[in-house]
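There are 2 protein chains.
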Amino acid sequence: MTLPENTGISNAAQAPQSSRFDPSFTQHVLDTMGPNVEPRNRQVLSAFIRHLHDFSREVELTIDEWMASVQFVNELGRIYTESNKTRNESHRICDILGLETLVDEITHKIISDTGVDPTSSAILGPFWSPHAPFRENGGTIIQNPAPTGRVCLMHGVVSDLVTGKPVPNAVFDIWQASSNGKYDFQDPDNQTPNNLRGKFRADENGKYWFYCYHPTAYSLPTDGPSHQLLQMMDRHPMRPAHIHIMVTHAEYKGCTTQLYPKDDPWLSTDTVFAVKDDLVVDFKPLKGDDKAELELEYNVILAPKDYKGKVF
Amino acid sequence: MTLPENTGISNAAQAPQSSRFDPSFTQHVLDTMGPNVEPRNRQVLSAFIRHLHDFSREVELTIDEWMASVQFVNELGRIYTESNKTRNESHRICDILGLETLVDEITHKIISDTGVDPTSSAILGPFWSPHAPFRENGGTIIQNPAPTGRVCLMHGVVSDLVTGKPVPNAVFDIWQASSNGKYDFQDPDNQTPNNLRGKFRADENGKYWFYCYHPTAYSLPTDGPSHQLLQMMDRHPMRPAHIHIMVTHAEYKGCTTQLYPKDDPWLSTDTVFAVKDDLVVDFKPLKGDDKAELELEYNVILAPKDYKGKVF
Numbered sequence: 001m002t003l004p005e006n007t008g009i010s011n012a013a014q015a016p017q018s019s020r021f022d023p024s025f026t027q028h029v030l031d032t033m034g035p036n037v038e039p040r041n042r043q044v045l046s047a048f049i050r051h052l053h054d055f056s057r058e059v060e061l062t063i064d065e066w067m068a069s070v071q072f073v074n075e076l077g078r079i080y081t082e083s084n085k086t087r088n089e090s091h092r093i094c095d096i097l098g099l100e101t102l103v104d105e106i107t108h109k110i111i112s113d114t115g116v117d118p119t120s121s122a123i124l125g126p127f128w129s130p131h132a133p134f135r136e137n138g139g140t141i142i143q144n145p146a147p148t149g150r151v152c153l154m155h156g157v158v159s160d161l162v163t164g165k166p167v168p169n170a171v172f173d174i175w176q177a178s179s180n181g182k183y184d185f186q187d188p189d190n191q192t193p194n195n196l197r198g199k200f201r202a203d204e205n206g207k208y209w210f211y212c213y214h215p216t217a218y219s220l221p222t223d224g225p226s227h228q229l230l231q232m233m234d235r236h237p238m239r240p241a242h243i244h245i246m247v248t249h250a251e252y253k254g255c256t257t258q259l260y261p262k263d264d265p266w267l268s269t270d271t272v273f274a275v276k277d278d279l280v281v282d283f284k285p286l287k288g289d290d291k292a293e294l295e296l297e298y299n300v301i302l303a304p305k306d307y308k309g310k311v312f
Numbered sequence: 001m002t003l004p005e006n007t008g009i010s011n012a013a014q015a016p017q018s019s020r021f022d023p024s025f026t027q028h029v030l031d032t033m034g035p036n037v038e039p040r041n042r043q044v045l046s047a048f049i050r051h052l053h054d055f056s057r058e059v060e061l062t063i064d065e066w067m068a069s070v071q072f073v074n075e076l077g078r079i080y081t082e083s084n085k086t087r088n089e090s091h092r093i094c095d096i097l098g099l100e101t102l103v104d105e106i107t108h109k110i111i112s113d114t115g116v117d118p119t120s121s122a123i124l125g126p127f128w129s130p131h132a133p134f135r136e137n138g139g140t141i142i143q144n145p146a147p148t149g150r151v152c153l154m155h156g157v158v159s160d161l162v163t164g165k166p167v168p169n170a171v172f173d174i175w176q177a178s179s180n181g182k183y184d185f186q187d188p189d190n191q192t193p194n195n196l197r198g199k200f201r202a203d204e205n206g207k208y209w210f211y212c213y214h215p216t217a218y219s220l221p222t223d224g225p226s227h228q229l230l231q232m233m234d235r236h237p238m239r240p241a242h243i244h245i246m247v248t249h250a251e252y253k254g255c256t257t258q259l260y261p262k263d264d265p266w267l268s269t270d271t272v273f274a275v276k277d278d279l280v281v282d283f284k285p286l287k288g289d290d291k292a293e294l295e296l297e298y299n300v301i302l303a304p305k306d307y308k309g310k311v312f
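Heads up: the sequence lines are chains H and B, in that order. Under the UniProt record's numbering, think of the first position of the first sequence as 1, with each following residue one higher. Under the UniProt record's numbering, think of the first position of the second sequence as 1, with each following residue one higher.
Possibly wrong hints are sitting among the right ones.
It does not matter which identical chain is meant; a pair holds if it fits inside one copy or across any two.
In silico EDC-like links for lysine to aspartate or glutamate, alpha-carbon gap of 16 Å or less [to be verified]:
hint, residue 1, residue 2
1, Lys109, Asp22
2, Lys276, Asp22
3, Lys85, Glu75
4, Lys109, Glu60
5, Lys207, Glu136
6, Lys262, Asp278
7, Lys310, Glu75
It should be emphasised that the hints constitute simulated quantities derived from the structure, not laboratory data.
Just chain H, same shape as in the assembly (with noise of 0.2 Å):
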């Protein structure tokens, strides 16, 4: 069986399944669940083994392949367990496949029906933490400088994708890695907890401004499986310098995003597909500032909790 490579749509349409295999077997599968399953765990599980079983069956999958996912599988959960649940390879392996973008944008996209879009969002990634500090505005982020670090002054308003008004006392919570590519939680040696973490309250006018570095493109552990498959797969483990946002509010959706410099050779091979073209930004020359040699100006939009958009 010869496939066509790299249509980017399902090959189900096009390649009928070999008529050596029993043409009833997934839908036996498929019956043997009973009456009392919850109407989503069936659609989704239905969907999951029907794509299971038409993916062997075009490829026409060996057990030796089979096998070898199975261990590759356990050998994901085996670095979860010994790494006291701090590495998590799974997760990995799903943003190197696409998956969590993907998900990411089920989830949240919004299409706008105002002429303006919200804010994209962007995974979470692993670092996010829940006991990032309120700092006040024109504080900085930076517990622990670094040499190489190029200061940078953010700043920005959050506004409502309805209205157009500022969004007062939006938390805009901020985490990025060090000039060294590591976060805090990877760099004890050199930064404390809560090093590049903060959360900042707009003001009145939607506001919020702080200090923090230019970020710095790093490389996805090169150690493990997930490395592995991407070898296998002839890609880098390069993710683009970033800047990591959460900016929430009581009355509007949440935007969890990622901001990326304009010159950043990575922004179109990201190795987790995060990058979309509103969250690539341009870090300008900052004079008259002794605390910063570096401006960034971003705004965010975000939908009001009941906003609902287009509907398909």
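With the hints as your guide, set chain B onto chain H.
Using the frame of chain H, we list chain B on its own:
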């Protein structure tokens, strides 16, 4: 989005992807693969990613559902790791989803062009041992008699698919659970290693014969993730009673399969979907042999190593 359920075929052709999702995303993920990917890896990974994405869009998988799945996968590996690799729940999950049986069919199915079908394959399962001893025809695999075991004289002929002639010296490897539903590995208090295991060599007429037990139905473990999945699907955890056999000869394609008593109540809903029509057998009362109360005749048909069968 409403899905037709239980159609048994992929919905990809019926349910167009919701237009609110980026139609170029999957292609973008596939395009990051470099030029140095092995062709088979490119084929398998491309199809896997397409099906994974199509599945996610089709059911509109949420972040919470995806994260629960990541945790589920990590839990499978934890059990494998903490059981010192003796308990493979990842393997069982595949069995419950029909994947091992499907991949077994894909790998081993032979469509005959002789009018006679070779003996069907069925999954190996986790209990085969490479250490089963050779025993003499007429011997027994029952080393530790069980109070409720019903002894059976099993016999038959191994023959050639093409010529119909016997296959002398074929190796007939058998393993089975005891009447308590447990294999030697699982039951060290009652069973010594290699109880209910043995290899027999077919004689010059292709005949084998020995004593074993009428098999006993048993449940998969009910304390782990595979049982959680069965419960979510409103399914029972039972395997029908079965005898495992693996018949090999240097000049033939090996046949690994399982035999099931025709009156077993779990035949049509086998948890691992390994029952096929030609594997359902009739245990008959035996008279005149004081060693056994039952008789099972089972003839095995092997395809020559270079036999191609119908080509598709």
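Quick rundown of the hints versus the structure:
| no. | hint | in the structure |
| --- | --- | --- |
| 1 | Lys109 / Asp22 | between (40 Å within a copy, 10 Å between copies) |
| 2 | Lys276 / Asp22 | between (44 Å within a copy, 11 Å between copies) |
| 3 | Lys85 / Glu75 | both (13 Å within a copy, 11 Å between copies) |
| 4 | Lys109 / Glu60 | between (35 Å within a copy, 11 Å between copies) |
| 5 | Lys207 / Glu136 | within (12 Å within a copy, 87 Å between copies) |
| 6 | Lys262 / Asp278 | within (11 Å within a copy, 65 Å between copies) |
| 7 | Lys310 / Glu75 | neither (43 Å within a copy, 39 Å between copies) |
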